[in-house]
Structures are given as structure tokens and as C-alpha cells.
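Peer 1: Please build the complete structure, drawing on both the sequences and the hints.
Quick note, the sequences are listed as chains C and R, same order. Heads up, the first sequence is in my numbering, so the first residue is 1 and it goes up one at a time. Heads up, the second sequence is in my numbering, so the first residue is 1001 and it goes up one at a time.
In short, the hints are calculated from the structure, not lab data. Since the structure is predicted, the reported quantities are computational estimates derived from the model, not experimental observations. All residues carry an ideal CB built from backbone N, CA and C; glycine is no exception. Hints are supplied without guarantee of correctness; some may be wrong.
Unchecked claim - Restraint-style ranges between C-beta atoms, simulated for each label pair:
| hint | chain 1 | residue 1 | chain 2 | residue 2 | range |
| --- | --- | --- | --- | --- | --- |
| 1 | C | N113 | R | V1052 | 42 to 48 Å |
| 2 | R | E1095 | C | P58 | 25 to 31 Å |
| 3 | C | T107 | R | V1052 | 20 to 26 Å |
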Amino acid sequence: MKLLIVDDSKAMRMIVKRTLKQAGFGSHEFVEAENGVDALEKIESEKPNVVLSDWNMPELNGIGLLKKLRESGDKTPLGFVTSESTPEIHREAIDEGASFLITKPFTAEAFENNLTPIMK
Amino acid sequence: MNLTKQACEVESQAQRLTIKQLCEELKKCAEEFAANSLCASEVSFAELDGRVLDNCIGTSIQLVGEEVSFDICVEASDENAKSLVAKFLMMTVEELEEEDFKDAYGEVTNILGGQVRPLITEHHPGVTLGFPAVYQGVRFFSSQQEVAAMNATFDGVELVIRLVKSSKSQS
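Peer 2: What follows is the structure in C-alpha cells.
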């Protein structure tokens, strides 16, 4: 399977990838994007099975990416990996159709618990 | 409930959040960050000792609202800042590239800012999280801003964590 990691921080993309490997998803293919606009292009060209997106990003943020994706009829599962942890953000994410929301600082278990049902 | 009473209650709720309480929350968040992201086993906090940091590098993030804003700053000597980021990225200091260092160092305050935001928004609804910045030297604040600061040590890496509250009425 293919996972798209979307974050404007290259360091954070590196950390997410490392944590995914620790969580047992190391055999999957990883693709990266640095903001929502870049992610939309990668979703079109790479056809990932799952998208893991940051919330706060320049150009197009995470929730904007999710809305655009769903507006276009794309049902690719998208989960947020973000430092935003208010109940309002959680509610907005779920209302817009996010599969999950993992808050930073995260653990490998958080990825395992949230991704395993989707990756089956 | 009439609007004046509601406004008074919102105001009194906001007043109940002191910088000391917020600093305690920030300490808990920093502990969680150290455990989850650095796998640090020895974490301690102390009152600010006022030592001058050699070649200080800082990272800050702002939480901005209409009436109030907060800055979270992490400052460390060049050596300690690089050790912190190396642990965060699971690399050696020698493997760190300058751009990755700045990027990851900024993520430290981004994470701390995101962690304390729920408590802040309980008292100051509408406060939003900005983007992190990295700077050389120590940041100075005006005497009208409320500042709480502490020394933190994560597995031997020494940092200064500052929390600064600015009210619009002060500016």
C-alpha cells in the first residue's frame, strides 16, 4: 500500500515516516507532499491508499485539502497528524470526514491503533 | 442570562487563567514531548537560574487572540539546541544539516503551542496557533508583558522555556 505524508516541515515528515516504521508499517511505500496543493497533485498522480496530513500549512491547510478532496468525490481515507488538539478541531475534522486525528507529540501506538483498521 | 452577565462571566473566566497555571500546563506538555518525541528518561525542571547562554538559539511560536496573545519560546546554547534536535530526529549532531536543524527546532515550539492551546482557548476563545520561528540570541520582552520562565533538562540537554503573555491593553 501507498501512504502520502503531507507536512510543510521536512523534519516532521521524516519523524512521521520513522514512527510509521516503528508502528510496523515499514513495508509500505511512502510518498511526501509539503502542503495541501502539493498533496492534491500527488493524490492525482500517485493514487495513495491513505493520506496523513498536518493541519496548519501554507498555501492550502489540512482541512482545506480534505474539503477539496471530498468535493471532487475522492474518498481516499485521510487522517490528521497535527499539533492542533482542541475539541473544536477534532469535531471539525471528523465532521468533514477525516478517518482519525493523531496529535503531536505522538507515539508509534497512536499510528498503529488508528491506521491498522484502515490498512486492512 | 443577559449579555452583560454573560460578558462578565467570560471575562472572569479569562482572568482565572494565570500565567503560573499556564506555565504548569506547559511543563506537563514539555514532559510529554520529552517522553514521546525524545524518549527522554530523565526530565527535570527548575526555576530560571539566569545563566547567560553561549551562542543562544531560540525558537518561538505565537498564539494570537483578539485581546491577548502568548509567545512560547525555547532557548538553548548552540550545543544543547543541536543535541535536542538530534535526539528528536534520532540522528547524531554530526549528521544534522542546518536547514533540517532549524525546521525541527521550530517543530518543538509548534508541538508545545498545540499542546497548551486547548487550555488557552478555554479561557480565551478564538486564539489561533501561528507558525514557528527560529532566531539567534535571547528574545527580550517589555516590562508590561507577563513572563514566566523555567530551566528544563531532558537527558542532560539544558533548555530555557519561556511563556509570555501580552494583552492588547498593554500595547
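Peer 1: Could you run down the list of hints and mark each one as holding or not?
Peer 2: Here is what the structure says about each hint:
1. At about 45 Å, the beta-carbon gap between N113 of chain C and V1052 of chain R stays in the expected band of 42 to 48 Å.
2. Hint check: E1095 of chain R to P58 of chain C, Cβ distance near 27 Å, so the stated range 25 to 31 Å holds.
3. Between T107 of chain C and V1052 of chain R the beta carbon distance is about 36 Å. The supplied range of 20 to 26 Å is therefore violated.
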